[in-house]
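Those sequence lines, one after another, are chains A and B. For the first sequence, my numbering gives the first residue as 1, with consecutive numbering after it. For the second sequence, my numbering gives the first residue as 1, with consecutive numbering after it.
Just so you know, not all the hints are guaranteed correct.
It does not matter which identical chain is used: a pair holds within one copy or between any two.
What the hints assert, rightly or not - Within a straight-line C-alpha distance of at most 35 Å, the following computed DSBU-like cross-link-like pairs (lysine-lysine) qualify:
id: 1; residue 1: Lys286; residue 2: Lys272
id: 2; residue 1: Lys165; residue 2: Lys220
id: 3; residue 1: Lys191; residue 2: Lys358
id: 4; residue 1: Lys127; residue 2: Lys117
id: 5; residue 1: Lys331; residue 2: Lys119
id: 6; residue 1: Lys331; residue 2: Lys398
id: 7; residue 1: Lys56; residue 2: Lys126
id: 8; residue 1: Lys55; residue 2: Lys110
id: 9; residue 1: Lys191; residue 2: Lys365
id: 10; residue 1: Lys27; residue 2: Lys55
id: 11; residue 1: Lys398; residue 2: Lys165
id: 12; residue 1: Lys28; residue 2: Lys55
id: 13; residue 1: Lys331; residue 2: Lys165
id: 14; residue 1: Lys126; residue 2: Lys235
id: 15; residue 1: Lys56; residue 2: Lys27
id: 16; residue 1: Lys110; residue 2: Lys259
id: 17; residue 1: Lys391; residue 2: Lys55
id: 18; residue 1: Lys56; residue 2: Lys119
Source of the hints: derived by calculation from the structure; they are not laboratory data. Small disclaimer: the values here were computed from a predicted structure and weren't measured.
Protein chains: 2
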Amino acid sequence: MALIVQKYGGSSVADVECMRRVARRVKKTRDEGNQVVVVVSAMGDTTDDLIDLAKKINPEPNEREMDALMATGEQVSSTVLTLALHQLGVDAISMTGPQAGIYTDAIHAKAKILDLKPKRLLAQLKKNRVVVVAGFQGLNPSEDIATLGRGGSDTTAVALASSIKADRCQILKDVEGVYTANPRVVPDAQKLDEIVYDEMLELASMGAEVLQSRAVEFAKNHGVVLEVLSSFVEKPGTLVREEVKHMEDMVVRGVASDKNQAKVTIRGLEDKPGVAALLFTELARKSINVDMIVQNVSDKGETDITFTVPRGDLSKTLRVAEAMQSELGAKGIRSDETIAKVSLVGVGMRSHSGVAAKMFEALAKQKINIAMIATSEIKISVVIAQADADKAVQVLHKAFDLGKKK
Amino acid sequence: MALIVQKYGGSSVADVECMRRVARRVKKTRDEGNQVVVVVSAMGDTTDDLIDLAKKINPEPNEREMDALMATGEQVSSTVLTLALHQLGVDAISMTGPQAGIYTDAIHAKAKILDLKPKRLLAQLKKNRVVVVAGFQGLNPSEDIATLGRGGSDTTAVALASSIKADRCQILKDVEGVYTANPRVVPDAQKLDEIVYDEMLELASMGAEVLQSRAVEFAKNHGVVLEVLSSFVEKPGTLVREEVKHMEDMVVRGVASDKNQAKVTIRGLEDKPGVAALLFTELARKSINVDMIVQNVSDKGETDITFTVPRGDLSKTLRVAEAMQSELGAKGIRSDETIAKVSLVGVGMRSHSGVAAKMFEALAKQKINIAMIATSEIKISVVIAQADADKAVQVLHKAFDLGKKK
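Just chain A, same shape as in the assembly (with noise of 0.2 Å):
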């Protein structure tokens, strides 16, 4: 017998009749002998209607009134789904994140998770009862409720998993686990059986939508084991977890790309200490995520800073950049939103040279251009044209051999 939580996100409870699937799911591993908890989002749409409405009334809602109206989606699919449980025979009972025992900071809206005290649960979980708890939600020192934040159920089901030292978090989504690449990109990707936090943090801050950062590096520091699957097929999915020995071999593990970025050039800087932290910590001071950040060798005193930023802040960044152009003693602002990063992934990297050379060898055959390289112990991206995207990706992982075995 085994301790498990299960989260399933919006999607998968969007409706009645995903309620039942979900309960019949819910109903089966228990079946097995399992002992159950599980996480839900809030039912398909039900988070957006609320901020519409609240932002129908007031543009700029207060956040501690936000996160008391956006937690009602999460306690409805909640009870939503025991009653579901109920009608399938199977003792079951709801939870809010306050009383499943999550105490969190003072900071709505992206609350963090700052103690665990999950005593009531666990008296549930000793009557034989599965418990739903309502994901992405706690209370607050102030005895308000917080909510956690995008991916907040994720990270509830972790940090749950965690505190009760559950066996496995389970999350349950409408992909089947991590695939090597983009299966609609790649035909021949193939679902990883198994996956290192630090890859998946890699893949997650790509863009990737299958977990959340937060709650795998959650997951990573806690050592909770991890399995991304499908809410709808019933079969393995891929588990993520602390490296192991044989893990090395496989020496990239993924190849992933990035078509939300855009990339902006400053030319002609003055080539002096500070230049670059000026403008780097203004834009980390209006909540810019700077990603890629390329120094050009400096040339007659002067030099460019290139950068890439996800592409809905760029309008915002060129006016960050241009208002303080004289300050930096810039000559010009250039900016691109026509690009697309990809990345080769894999913890084998760290111990295989030679990697990087493959990778720039086999976008070189294709003619694709690189503009920006970045490279990290477990990861080499490139900036490349948009148009050129889902090509490297293909040749790339046909160059590491990611395919499925025929």
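Chain A is fixed; fit chain B onto it per the hints.
Structure of chain B alone, referenced to chain A:
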């Protein structure tokens, strides 16, 4: 400066536009120098929608889960109204029932308020904030959310008003107050400036649907001055309060009718002690609310019992009666759904005789036949044919001179 509790029902906060209007009304009350606590019901049809959702999943939903589900409706409306107040520049904060310190007993779906600890609420009032409380809910001894059942938001408002020693508890509705008769039936019906708790209780039990009996009883027991007034038109409503001297001058306060009743007659019962008790004990066990009971004078050792029940309970009542027929030694069971109950209410009746005689005479003049009569200290009710109900109300309203003074 006064401390005022205002309660707005579901139709007053049905949509975004309604919310804005309520916010303006609250702001005005505050701008006039008052401290304000607002209690809100769920928006429009929210409660019914949530019940429908639950019943689709599970036709006999667990009450604890239903309470957690239903309570979200009021949580949503309390935060949305708070956002609307912010938009008008009013400092306001929402609270759930538990946050407002409302503690209930353990009976889900129709919990009773056991205790109030409005410490947080008073602290917010001290900060000069409007506090918007989600009605209809509290925290039970298991630290679960419990709802107060039908009319629970009225009860929340009255209980809070009592615990924070508010000067007045205003119940804002889609009517302008309590009338001498239904204005749709009697065009010159007069809005009452004042009414006594006991009169209001008799009217509420007549299905006048102005105020819930529970809330009126609570107000009576704790001396909370209630005011029923319109949420749409700004003018004084009807005060519901303790009896004051001059109020006795008005012998009859109003005429009400209830067309939602049915009459059952058990014929040919053996006239011996305990027979009636058997029947009414069983009906009570089935939660059937018997209203008027009349027993005929015994004839040859036999008697008839006639009683009224809410029309919706008639078939359940007949099933009970038929199952008990042989046990009761009854010769037959008859029922009639085409009846109405018409009542005169007024505390002045206590010290004035002749009211009943005048009532019967006025009805007789119009050839309205009386099938049953029941009297209390402050009420006389008759059961008549439903077709005569409106005419009876008009005749009595005129006979007791209750119309608007020209």
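Results of checking the hints against the structure:
With identical chains, the CA atoms of Lys286 and Lys272 are at most 35 Å apart within one copy only, with a shortest distance of 24 Å there and 88 Å across copies. For the homomeric pair Lys165 and Lys220, the shortest alpha-carbon distance inside one copy (14 Å) is at most 35 Å, but the shortest distance between copies (54 Å) is not. Only within a single protomer do Lys191 and Lys358 lie at most 35 Å apart by alpha-carbon distance; the minimum there is 23 Å, versus 89 Å between protomers. With identical chains, the CA atoms of Lys127 and Lys117 are at most 35 Å apart both within one copy (18 Å) and between copies (32 Å).
Proximity of Lys331 and Lys119 under a CA criterion of 35 Å is satisfied in neither setting, with 62 Å inside one chain copy and 61 Å between copies. For the homomeric pair Lys331 and Lys398, neither the shortest alpha-carbon distance inside one copy (42 Å) nor that between copies (92 Å) is at most 35 Å. For a Cα distance limit of 35 Å, the shortest separation of Lys56 from Lys126 across copies, 30 Å, qualifies, whereas the shortest one inside one copy, 45 Å, does not. Taking the closest pair of Cα atoms, Lys55 and Lys110 come within 35 Å of each other both inside a single copy (18 Å) and across two copies (34 Å).
Taking the shortest Cα distances, Lys191 and Lys365 sit within 35 Å of each other inside one copy (27 Å), while across copies they are farther apart (90 Å). In the homo-oligomer, the alpha carbons of Lys27 and Lys55 lie at most 35 Å apart only across protomers (20 Å), although the nearest pairing inside one protomer, at 39 Å, exceeds that limit. Proximity of Lys398 to Lys165 under the C-alpha cut-off of 35 Å is found in neither arrangement, the shortest distances being 40 Å within a copy and 76 Å between copies. Taking CA atoms no more than 35 Å apart as the test, Lys28 paired with Lys55 passes between copies only; the shortest distance there is 23 Å, against 41 Å inside one copy.
Proximity of Lys331 to Lys165 under the C-alpha cut-off of 35 Å is found in neither arrangement, the shortest distances being 57 Å within a copy and 69 Å between copies. For the homomeric pair Lys126 and Lys235, the shortest alpha-carbon distance inside one copy (28 Å) is at most 35 Å, but the shortest distance between copies (58 Å) is not. Proximity of Lys56 to Lys27 under the C-alpha cut-off of 35 Å is restricted to the inter-copy arrangement: shortest distance 19 Å between copies versus 40 Å within a copy. For the homomeric pair Lys110 and Lys259, the shortest alpha-carbon distance inside one copy (26 Å) is at most 35 Å, but the shortest distance between copies (55 Å) is not.
In the homo-oligomer, the alpha carbons of Lys391 and Lys55 never lie at most 35 Å apart, since the shortest distance is 41 Å inside one protomer and 51 Å across protomers. For the identical chains of this complex, Lys56 and Lys119 are inter-copy neighbours only, at 32 Å across copies versus 40 Å inside a copy, given an alpha-carbon limit of 35 Å.
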